[in-house]
Every structure is written in structure tokens, then in C-alpha cells.
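From first to last, the protein sequence lines stand for chains P and H.
The numbering of the first sequence is our numbering, which starts it at 1 and goes up by one.
The numbering of the second sequence is our numbering, which starts it at 1 and goes up by one.
A few of these clues could be false.
Derived DEER-like restraints, expressed as beta-carbon distance ranges [to be verified]:
#1 P:Thr172 to H:Ser39: 38 to 48 Å
#2 P:Pro389 to H:Thr194: 27 to 37 Å
#3 H:Ile107 to P:Phe15: 37 to 47 Å
#4 P:Gln87 to H:Val296: 51 to 61 Å
If you are wondering where the hints come from, they were derived from the structure by calculation, not from laboratory data.
A virtual CB, placed ideally from N, CA and C, is assigned to each residue, including glycine.
Chain by chain, the residues run as shown.
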Amino acid sequence: MPDIALKLEGIHKSFGGIHALKDVSFELSEGEVHALLGENGAGKSTLIKILTGVHKMDSGIIQVRGKTVTIEDPVDARHKGIGAIYQELSLVDSLTVAENIFLGHEPSTSFFGTVRKKELIRRAAEYLLSFGIKIDPNTLVGDLGLGQKRIVEIIKALSINANILLLDEPTTGMSRAEIDTLFEIMDDLKIKKVNMIYISHHLDEVFRVCDRATVLRDGQNAGTFEIDKVDLKTLVKSMLGRTLKEEFPVREGRSSEETLLGIKEFKTDKMLAPISFSLKKGEILGITGIIGSGKSELALGLFGADRALKGKISIGGREVRLNSPDDAKRHGISFIPEDRKEQGLFLRLNVEHNICVANIDLAIKNGIISSKKKSEIAKETSEKLKVRPLDIKMAVQNLSGGNQQKVVIGKWLCGEPDILILDEPTRGIDIGAKTEIYSLINYLADRGTGILIMSSEFREMSAICDRILVIRKGTIVAELEGKDSSTEQLLTLALGG
Amino acid sequence: MENKVEKNDRSAFVSKFLRLLKGELGLILILAALMVVFSLMSPYFFTSRNLLNITRQVSITLIVAIGMTFVILTGEIDLSVGSSAALVGVATAAVLNATGSIFLGLIAGLILGVGIGFANGALTVYGRVQSFIVTLAMMGIARGAALVWTGGKPISRLPVDFAIMGAGYLGPVPVSTIIAAGVFILAFFVLNRTKHGVYVKSIGANREAARLSAIPVRKYRVLAFVISGLMSALGGILITSKLLSAQPTAAEGLEMNVIAAVILGGASLSGGIGTVLGTLLGAMVIGVIDNGMNLVGVSSFFQQIVKGVIILVAVLAKRSD
């Protein structure tokens, strides 16, 4: 029986009468990477926030190495050796790597209370070296890529001698190489006796790095599994509480032969190279490639958000100029951007505002907005998309990630677009919500909407697209029928094999 | 049937107003408390004459603050409103004296206000300079222009008819109060019932998301400054009309009272949050403090300290609820 690093027992927590956690137990053995799984809203975040002292539990026991503790606040959590890495980074861009690592707990100060810079850099370099990471501690954090930032964040958490490390979706936005480095570091940490709790929607990652997995469903334990002895299907079933018949719903209709959108030698100031392709009416066309291959730049360009330098765009056979998103909208193009928080949503404003903002004209008569019509549109759209909870006056920031994504889609859905461009539409959302979004894409395509999906999830692309273009360094390098493609093939093409 | 729908919509409008009013409960309580205190301290405070007088005193701050609300909603700031008001006052008086026409004077003043607002907006949006800097510079330029134009001396001997706007009464109600009420209703309508309002709030809440929601962001950002310029012009005209004289040093520090009113009203300096109803109550709180302390006989030096403290307390109280 291995020693227990952390034990949670009978944790209860409710917010305003609604149970977020009900009698939840969790156990982290010494030297273990333990996955915490569940759909959006299953209670993972609440549990993590209790562990890091952000929320206080209503009842239950927390034991660190067999000793019962209470965690007062985040500072207290750190004192007890619990460090956390969140999806949102907490680094200061204008400080150096060394300064960031020791921010708030500078190791050595001089007589006057000033930081001894040399000592700081020496210790930071030591840390970086011990993980074999080649980052100069004098670099400004703002100059680092996302993956490197995440690594600095981990080292920052470790520098306070954390031996329980929480990793919440740590691979978000990271490239494959960066993910590999992260996993190597995690292996290294295991040897150094750091115990980790790993939260991710990517079950393939869980199978790669975790020893055990605890699944939460509706705020309760749904099972703990040894990763060696469990398969994907069982985990998903445990998360959803039902067997997922089809992760990728089958489309019944097919695309027509009529060309809807024609792109010829098109290039914007942000794109790496000119691109040509066409999209048919009712077609689901995928554009795939690794991060940084130029997918998002193409999407933004087609929506008129960047400055076009050359090339022709024609819609329904007529040449058009798209100088702004406003132009694009007038020509029936809608765009669901990659980063829902930064580009898609007005987080502090309510669901109604977020859904109606782009198509407010639908609720306007004689220049005056009808508030009744406005809430009708918002209600109808959120019902169609199954936004939960169904409260159009709720601020979007209080929704879970999957529901936020549905709202971003709803913003354009109510305008019944001819062409819909989606950039990474299923990033960071759970399997249930993903399937709903795939069904919706099918429904729109069947109605004749031309769908253009940019995604770096190859499995998703080969499953849902009629046709796939692979893009590498801004150039289309291959075209495949969706049915004929395999994940491996797409990956190989995208990497340039 | 058609009629019924409209009626429903109108009652929705009223209920929205009431709901918003409920959201401003904290500020209403502060206002009520101040009025009770001043009523106890001075027998002259709670008289219909004085209360109407307060609305007249508040009207100019309120009009300019409504323009400022548009700017702050988009996440910007306009420091030039006081100087613009002074320059517009001077321009209005000069044109009025030169042409003998009140109408031409008014038009000239309003056009100048729009021009200043457009310059502020264009430099901020297209020139990509922070609005704090642009309008700080404009604050100096407009004030300097007013002083140079007049040689530092006021322009007086304006026709008496011109005083109606700023100093006249319609029955017991000051004309400037009626003008301010009109501006308030119009702004409330624009922000709550038109596309413009939806766009302005969106831009302030998340500019990039607004752009990618196909909102012509730059146009509406410039427009916010133009509205602020127009409102300061109206304020400047009312000041000139009230005094029947254009002072190049008029409205000094007006921007601070105006920004204080908007922030007291619950607007966020980072944009996206704020209502004209809040601004109205904020302006009223400041007006009541000024008027009440004068009646009670607090020295004008001491008044500034009290005002500062009350603003801090009010903002903190609002934050905690």
C-alpha cells in the first residue's frame, strides 16, 4: 500500500442551495499522476478551488500526508505544499523569467530589503537546468511562446516547494513539441516525488501521463480507475452517465455541386502565403494544420478582419471586396473565432446581449429595438443550442466553457448565415457539448450553409468533414476526401512528412 | 393588435426603467440621506424653490456628464470638456455679437463642439494615441485658444434674449432644467432602445469581440467623442447664457465634476458598464452637496474636502453591495 499524499473525504459544497459537490472523495498516492475528469460543470473546478483555498467547503475532511488540515486561503494552500497551474497564466510579461519565478517570495534580500539580482538569476538558472530547460532566466516573459510560459509557470509553482501540483488543462494552446516537453518534465517531477492532479478534456493525454483517474459527474464520485486497466469507452461512459452512441453524429445530407465561395490567390498582411480554394453549398470543408500553420490568419482574412493585399474572393459567382467584418457580414459570412474569451464574448454582459449583438437588426423596427423581440431571439437561440442554465439575463462569465462556446455560436446562428467559418470550435469543451456542436454543424450544412472549419484536432476533422485541406506554413499542401483520411495521415501531412 | 404590441413594448420600457432604478438603490439612499441632513441643518434647503434651483445648477454638469458617459462606456476618457465649453462659449458670443443672430451663434458654437469632439475621436482612434493624452492636449489647446481669442477678457453686452436658455424660467421650472431633462431622455432612449446603445456597450466590454461581431468599431468610437463634444458645447452655451457673458476662464475644473458624476453613477473607467440614469443620480449627489454646503455656510475651502470624502464613501458603498 503506497503512502497517501492527499486525501479528501466526504466533501460537500453548495452555492445558494445548489449542490456543487456532494460527498466527494479523492485520493492521491505518493509518486502518482492522478487525472480528475468530468464534463463541464461536473464539479472539477469547485474541488480544485477548495484545495487551493479559493472556496471553503461546507463539510468534509482534507488530509495532507495523514494529517487533517484546513486550508484558509490560497497563501495557506501554498504553505501546505499545494501549487496550482491554471489555464490562464499568472505571469507578468514585463518581468524576466527569474523575477517571475520568485515573484512574491524572493529568496534573498539585501540589508535594505532590495532583491539580490545575481542570486535570483543564479537560483532560477539552477531550477531551469535541473529540468533540462533551455530558457535564459534573463529573458522577458513577454518574449516567450505559450508553451515556454507554461513551463515557467510550473517552475514558479515548484519553487515554493510544492509537492502536490494541480495542472488544469495545461496543454491548452501548446504545440505538439511543447506538449512532449511538458510530459517529460512531468515524468521528471514524478521521480522528484512531486504528486500531480491532472485535469484535461483530452483523454489521449490522460492515457499518456496518468496512473489513475477519478471521474466526477453532477458533483459526485462516478468512479476511480487504474489507467492500465480501463479503456476510453468506459471512461467516457462514466463521465456522461450513458454510453455515447456516436461522438461524431452521421450526416444525412450531402453537399451540392454549386460553388458558394471562391478564393483565388488571396493573401492578407498576416497570412504567410497566397491561398486558393473553393467551398460548395452545403459542404463541410475542413482546413487543418498544426498551431502556427496559418489557419486562424486565413479565417480572419476571409472575415475581412485583416488587411487584404491581393487576390479575389467571389460569393455565388460574384466578386466581392471584404474590407471589414461588417462587409463580410453583409455578404452572409459569419465567423466564430478561436479564442472565445478574447474574441468572441462580452463576458460581463448577459446572454441576451451576446446572442443579439451581431444581428440586432432583426429586433429593430423603425430604428427602435423591441426588447420583446430581442429576448425572443435570445431565448429561441439558446433553446436550440441547449445553453444551460437557460437564463438569458445571466452574465456569460458565469456559464461553463461549453455553454459559453454555444453562446458564441448562437451569436451568428440567429442570422442564418450562408457561409459559416469556425476556428477551433470545440477547443476546451467536453464531449457532450462537442457532439451537440457537430450535430448543429450538420444541421446547418443540410440547410445549404457552406461550412469552413479550422481545427488542429485531426480526429475530429476526418470524422466530420466532407473534404479536408491540409495547410502547412500558410500553404495548402494536400486535399483529401473526409471519409478517406485518417488521423495519422493528416498528422503526417501537417507536419510535413 | 399592432397597437397592443406597441403598448406591451412601452410597458416593457417602463419596467426596464424601474428595474434600473432598483439597481441604483444605493445611490438613491445616499441622495436621500444627504437631503435629510441638509434639511435638518437649513430651513431653506427643502423648499420647492431651492430644489428647482439645484436642478438648474446641476443641469450643465448633467448635460456634459451624459456626453462623458458615452465616452467612458467605450472605455475612453475626455478631459477636454471644460475647456471646450469655455471656447464654445467665446465662439458663440463672438458670432452672436458679429451677426446679431442668436441662431447663428448657437449653430457656430455647436459646430465647433462637434469639431473638437471629432478631432479628439479621430486622433484617438485613427492616430492611435491614448484618449487621456489626446484630450489632455486638447484641454490646453481649447483653453489657450479661448484666452488668445478674447485677450483674457470676457465678451459681454450680449442681447438679453440670449439669457433665456441659461437663466430663464418656464413657469417655476428653469429652462436649463428642461433642456437637461430632454437631453437625458434622448440619451436614455439611445442607449437602451437603439443599435447605437448596443454597439457602444459592446465596444467598451470587449473591443476585439465587438470588431469580430461586425460592429463598425472605429465609427462608433469616434462618434462617442463627437457626442461628448456636442454636449460640452451645449454646456458652454448654457454657461454663457446664464452669465450673459462669455468668460475664457469659464468651466475650469468642470471635467472633474463631470467624471466624478459618471463614476459615482456606477460606470466603470475600463468601459462597458454605466447608465445615464446612474449619471443623473451621480450629478444630483454632487449638486446637492454643493448647494447644501453653501446654504449651511461651510467655507468653500472646506467644501472641497467634504466633497472629495463623500465621493469616496459613495463609490466604496456602491462597491460593497
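Going through the numbered hints above, which ones does this structure break? Give me the numbers in ascending order.
1, 3
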